[in-house]
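There are 2 protein chains.
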Amino acid sequence: MKPIVKIISLGTLLSAVVPGYSQRPVTGPAAFVNPFIGTGAVNGGLSGNNYPGATVPFGMVQLSPDTREAPDWGTASGYDYNDKTIAGFSHTHLSGTGVAELFDLLVMPTTGAVTTVAGEPDKPGSGYRSAFSHQQETARPGYYQVKLLDYDINAELTATTHAGFHRYTYPRNSKGHVVIDLNHSLNKGSWSTRIIQSQIRVVNNHTIEGFRIITGWAKMRKVYFHIQFNKPVVRYQLVNDNTVYTGNKVVNGSNVRAVFDFDTQQGFTLLVKAGISPVSVENARQNLAQEITAWNFDKTADDAAALWNKELQKINIDGSEQQKQIFYTALYHTFLQPNTLSDVNGAYMASDYTQGKTKGTHYSTFSLWDTYRAAHPLYTLLQQTRTADFVNSMLNQYRSYGYLPVWQLWGQENYCMIGNHSIPVLVDAVMKGIPGVEVEKVYEAIKNSSLISHPNSPFQVWEQYGYMPENIQSQSVSITLEMAYDDWCVAQLAKKLGKTEDYNRFQRRSQYYEHLFNSATRFFQPKDEKGNWITPFDPYKYGSNGGNPFTEGNAWQYYWYVPHNMPHLVQLTGGDNAFVTKLDSFFTHSHTTGEKNDNASGFIGQYAHGNEPSHHVTYLYNYAGQPWKTQYYAAKVMNELYNTSSSGYAGNEDCGEMSAWYVFSALGFYPVNPASGIYVIGSPQLKRAAIQLGAGKTFEVRTRKQSDKDIYIQSATLNGKPYTRTWIKHSDVLAGGVLEFVMGEQPNTNWGTGVADRPINSSF
Amino acid sequence: MKPIVKIISLGTLLSAVVPGYSQRPVTGPAAFVNPFIGTGAVNGGLSGNNYPGATVPFGMVQLSPDTREAPDWGTASGYDYNDKTIAGFSHTHLSGTGVAELFDLLVMPTTGAVTTVAGEPDKPGSGYRSAFSHQQETARPGYYQVKLLDYDINAELTATTHAGFHRYTYPRNSKGHVVIDLNHSLNKGSWSTRIIQSQIRVVNNHTIEGFRIITGWAKMRKVYFHIQFNKPVVRYQLVNDNTVYTGNKVVNGSNVRAVFDFDTQQGFTLLVKAGISPVSVENARQNLAQEITAWNFDKTADDAAALWNKELQKINIDGSEQQKQIFYTALYHTFLQPNTLSDVNGAYMASDYTQGKTKGTHYSTFSLWDTYRAAHPLYTLLQQTRTADFVNSMLNQYRSYGYLPVWQLWGQENYCMIGNHSIPVLVDAVMKGIPGVEVEKVYEAIKNSSLISHPNSPFQVWEQYGYMPENIQSQSVSITLEMAYDDWCVAQLAKKLGKTEDYNRFQRRSQYYEHLFNSATRFFQPKDEKGNWITPFDPYKYGSNGGNPFTEGNAWQYYWYVPHNMPHLVQLTGGDNAFVTKLDSFFTHSHTTGEKNDNASGFIGQYAHGNEPSHHVTYLYNYAGQPWKTQYYAAKVMNELYNTSSSGYAGNEDCGEMSAWYVFSALGFYPVNPASGIYVIGSPQLKRAAIQLGAGKTFEVRTRKQSDKDIYIQSATLNGKPYTRTWIKHSDVLAGGVLEFVMGEQPNTNWGTGVADRPINSSF
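Protein chains in written order, with the UniProt record's numbering: chain A, 1 to 764; chain B, 1 to 764.
Hints may be right or wrong, so weigh each one.
[Claimed, not checked] FRET-style restraints, in silico, Cβ to Cβ:
1) A:E444 / B:H206: 52 to 62 Å
2) A:D241 / B:S519: 34 to 44 Å
3) A:G433 / B:H206: 49 to 59 Å
4) B:Q460 / A:N43: 32 to 42 Å
5) A:Q265 / B:E501: 47 to 57 Å
6) A:R194 / B:E440: 32 to 42 Å
These are computed hints drawn from the structure, not numbers from a lab.
Since the structure is predicted, the reported quantities are computational estimates derived from the model, not experimental observations.
All C-beta atoms, glycine included, are put in the ideal place defined by N, C-alpha and C.
Taking the hints into account, I'd like the entire structure generated from these sequences.
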């Protein structure tokens with residue numbers, strides 16, 4: 001745990017000893033954000049794969065320290081709180097993913113007679129790395145600071161949407177340098193990552209430019225940059241491979257680095273501004289010029305904090321200090337992405353590698369298997385304008401690929417995970433009436449994305465067999481369950497648009513999950529193409545990402561995935577009691593086969609909060625008339641699997657999804673079916689939470705007598721009237737008002753238990 | 001040998017037996033072009049690495065059959081006359097290079113129940129390959145035809161600048177298919193070649209589109225396409241890896257192929273039009289729409305022939321049938337590239353991977369170490385408008401990389417070979433007053449290209465040592481000699497522009513070759529960085545492309561490389577007699593060390609016409625007063641090392657360079673120093689050759705009593721006045737007129753032997 005108060009007092013301390021360091025107090029909800037949450041496991045546990053660096057909401061730039069040599073699954077953000085050295089500050093990062101990628105434009109200040117940039121200088125034990133200490137490291141939204149101990153340099157970072165701003169305070173009597181390394185990536189050796197071409201150009205003694213073209217997890221990315229220094233470069237070296245190009249103004253190659261020397265004999269503060277663009281150096285220059293006009297680091301940092309407060313104050317909460325830290329850090333993490341991919345002039349690299357142009361903002365980083373569940377529903381509530389841009393950005397991929405994103409990075413599909421969960425996101429946006437979403441275009445895209453086969457989506461197999469036979473399509477049970485849900489979403493929009501034939505087709509497909517339900521074992525199980533159950537079957541056995549019927553989970557965890565027809569799942573299970581019993585078993589059976597998928601973590605019995613398939617399951621007791629058990633487990637997850645330490649998440653934070661679960665759950669409700677317009681009520685955790693709906697309208701959730709023990713709903717009112725439903729409509733939330741809960745230590749086994757109180761399938 | 005008469009009569013024969021095949025007689029100089037010259041070695045010798053397919057002058061599309069599995073050094077064009085099977089027809093090829101690259105958009109017609117496109121279907125023994133026979137194969141400028149024996153399909157190809165046009169005549173009672181293979185490349189396993197992403201999209205039953213992004217020798221190429229069929233597709237399969245996407249309209253991936261079925265039960269002729277673009281599918285569509293409006297294959301083929309005649313008739317010759325075939329095929333080969341890289345709307349992918357726009361045409365494929373010698377000088381004579389575009393295209397790389405091209409492919413530098421020989425090309429263009437060339441921009445580019453170090457051009461080493469020390473920069477002797485020449489070119493333009501300081505600097509550098517001249521051995525030899533000669537030294541020992549002081553040659557071959565100051569080389573050698581003796585030795589010493597570089601071939605003693613370092617050497621006797629020996633050896637090379645067989649070149653044809661040597665030499669003069677405005681006179685071979693200078697003006701070279709034996713100049717007149725100079729100015733040629741030679745069997749040891757008759761260093 002790294003409480004915010006410690007950070008602030010540390011900052012005050014530093015301001016006394018570090019020349020040039022000035023503590024800028026943060027006010028508003030941003031003050032409760034601790035960017036170190038989720039950045040490093042404690043005692044070998046799990047973290048969130050988050051980064052602590054400086055960024056603004058939904059920005060293109062994430063300027064953050066890279067501590068890893070080569071990230072493994074646990075440190076894809078480049079930073080691990082357990083690491084002891086920093087390679088430098090690169091301008092792009094992913095938050096919470098399981099694959100390491102980006103890390104563009106590494107900048108590192110150093111001192112000393114010589115800085116080595118030959119060999120593999122970003123690796124530990126060589127080159128320009130520096131030790132650092134968490135005692136001399138701070139972070140807040142839009143700002144990061146660290147003392148580079150090997151060089152006695154205080155490094156501070158802030159950012160705008162398209163630019164990074166660095167402030168390096170060098171010690172007196174030092175020889176000051178800045179290293180740029182375009183060969184730096186923490187993804188080497190994976191995904192055939194390779195620099196295709198790169199360049200550093202010295203424009204004048206205050207300005208450098210360049211680019212790199214790189215292939216990796218994203219098939220081809222172009223990152224152009226324009227950098228300005230506020231002090232003159234007095235000497236520099238440009239390097240490709242091990243060749244030093246002395247006196248050159250430019251160097252090209254696939255292993256390009258540079259060292260810039262500054263006259264820091266008396267010590268000084270160097271400011272470095274860096275704009276980036278996926279289109280051109282000229283656009284990088286424009287991006288920087290538009291966003292950072294002055295050499296005023298503190299103003300840019302203040303602006304970044306203000307941007308964060310503008311977004312974070314969309315939910316105003318009362319609660320404990322710890323609740324506020326967890327809640328606002330979670331909300332912060334949900335707003336880190338999707339990431340801007342267009343320049344200030346609207347240009348971007350389209351999904352077919354042509355140059356696109358948008359009037360709005362073009363976004364990418366769509367980790368949809370994760371984020372369709374709660375992050376995107378949260379955006380439809382808090383980010384309506386951006387949601388339209390998200391939809392339009394995904395439609396760009398549809399126009400190019402013929403189908404919508406599965407997992408899209410820098411405009412390119414990587415087919416990570418399964419399903420086509422852009423479909424619920426788009427259908428939800430239409431159903432909720434998000435302005436700027438063109439319904440017919442969305443319908444064409446979701447329909448074709450459900451008919452045009454692509455990796456893990458062989459639709460001809462789907463329609464031929466009515467399920468995925470494992471011997472034809474691996475991950476067959478998980479895909480069957482998730483595809484049925486996506487089909488239900490298509491059917492709902494078809495129905496709304498009066499496309500009866502399509503509705504019937506997709507509604508029929510949405511029921512295919514039944515074909516893998518084994519009523520003998522009461523599990524969803526794999527079949528072969530002849531319709532035979534594949535044996536032996538062990539519901540505790542894990543699959544990963546292929547070669548097994550289940551995806552990053554087991555049959556227990558996938559059992560609950562019929563979000564569009566939970567009453568039918570209750571019925572298949574054997575009715576209310578059997579369903580509750582099975583849920584009870586799920587949350588208590590600790591049996592394992594000895595192996596598990598690395599993504600499964602944060603266990604409560606078989607429930608694994610560290611990965612997404614479990615995320616809606618605590619809320620399912622409501623469908624069988626025992627909402628107090630939902631309240632119990634929702635509270636348990638919030639209280640036990642989220643905290644304020646660097647290990648504050650129970651698994652990959654996954655581009656906002658783990659955080660969005662918390663935000664909804666703390667408010668007291670969760671979108672079990674994210675395209676239904678229905679939230680299912682759990683255990684509200686905050687004294688008061690006011691969602692700002694625009695034009696001064698709010699929807700407020702209040703609790704009376706809430707505490708870590710008072711987790712059970714005793715009664716509720718909506719706008720003063722008694723409320724016994726265990727769910728609430730999105731439209732009720734949008735209408736504004738007050739939802740008040742009276743909480744208590746003991747379950748109220750009467751509240752919300754009527755059949756009419758059970759969540760319905762859809763409000764649309 | 002494959003005489004043109006045979007080709008024509010074969011065509012006539014085919015027209016009687018192959019349904020749909022119509023012989024279009026070719027008139028004009030194009031009738032003398034035999035595209036099979038240079039396509040395959042005879043008896044294990046060398047060929048030119050040329051392709052026989054259909055293309056127009058300087059086009060983007062080279063639609064040609066690929067016969068090779070994986071080209072090695074000898075078959076980089078994809079086609080080897082010795083091969084027995086054809087994989088298909090891909091739309092882009094290089095002519096005469098030593099590295100295999102391009103091969104985009106393979107199209108192959110097949111018949112039969114099933115066409116396999118799984119596995120590696122373009123490889124011999126699998127998939128869709130077909131046997132073929134030279135007995136049923138024809139080619140002429142802009143047209144190629146072959147009978148695919150496995151399928152009984154007659155395939156004909158023609159092209160426009162940006163589009164290919166296929167005519168496939170299927171047999172009756174066949175099931176007809178067309179295969180598209182976007183994974184086809186004959187460069188796999190080299191240069192880390194990899195498909196980054198590709199797509200085939202079925203737009204409707206007559207139209208398909210797509211693209212591929214590929215990394216290889218060219219670091220990153222984007223090739224978009226738009227294909228139209230004149231008959232409906234009745235069925236198709238789209239494939240990625242081994243997954244068949246039945247019923248899909250689109251497939252994406254890195255191993256994408258497709259099979260399109262046509263209802264050919266009754267047999268028919270299928271027309272296939274394919275536009276390509278390096279920018280977008282939309283541009284590929286525009287390119288096709290602008291260039292091929294009708295479904296009239298013969299018209300497009302006729303237009304292609306007409307375009308060739310328009311270019312080829314720029315030199316009108318009288319001579320023997322064989323001379324005409326060799327001459328016009330050579331001229332044809334010189335006009336195959338540089339290749340158009342911009343679309344009809346002027347868009348192109350710039351050297352920094354942004355989207356460029358030109359008002360003229362943007363070109364690439366600059367094999368400059370080869371082509372600066374004779375091909376580019378020929379363009380300044382025959383292709384003045386294009387020369388300005390070549391210059392401006394090279395300047396685009398300068399703006400991006402900071403220096404001009406060394407070897408540029410698809411706008412990207414690959415640093416193949418040594419020197420910076422875009423400099424003589426640009427200086428020559430300025431000195432000759434080519435319209436549309438901006439002098440100051442050229443000067444900035446050539447100066448910076450001589451100061452900004454890059455691979456094989458470490459200018460700080462150059463200026464520090466006054467030569468390249470072999471232990472610091474390998475290929476040191478070759479680079480020293482060639483760099484000195486490039487520096488001389490910079491000096492000349494500096495002088496013209498009154499930049500005295502620059503002139504002095506580069507003039508001084510142009511003399512650095514002296515520092516490697518060993519007066520004890522009278523060879524240019526390598527030194528180390530301390531100035532010591534590196535021993536042992538063997539003038540017969542070959543270097544290749546690194547690790548040795550000489551580049552693809554030996555000290556004998558590099559001895560002659562002081563093109564900017566031959567009188568000084570004569571002096572260093574010990575005067576006229578010593579120089580002549582050394583030349584005599586060069587052409588007669590057959591000693592070898594047992595090894596040689598593969599590029600060295602076409603030997604006359606140590607002289608190796610198969611590679612460029614020797615190319616000017618036959619002309620050097622003129623500098624020592626014995627022009628008849630130049631006449632002897634120039635005639636010997638023409639008569640013995642060029643012929644009309646598939647093995648008609650003595651080595652890599654090298655993007656027009658081997659051909660340009662022949663064109664100049666047959667005319668009777670050659671640009672020993674390609675940026676001097678001086679041609680050195682050899683042994684004119686043609687009865688009459690009239691160079692069309694525009695506006696009806698011609699420069700005519702006539703010979704009297706020329707034959708294979710009458711190779712010696714007895715006397716000459718220029719515009720009727722006696723002419724004894726062994727050189728002629730470019731400006732004299734441009735002025736028009738008649739240069740007439742009287743030839744004879746015996747040397748006239750008086751003509752051209754006066755000191756005043758010796759070539760001067762420069763006419764500018």
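Hint numbers contradicted by this structure: Checked against the structure, the hints that fail are numbers 1, 3, 4 and 5, while the rest are satisfied.
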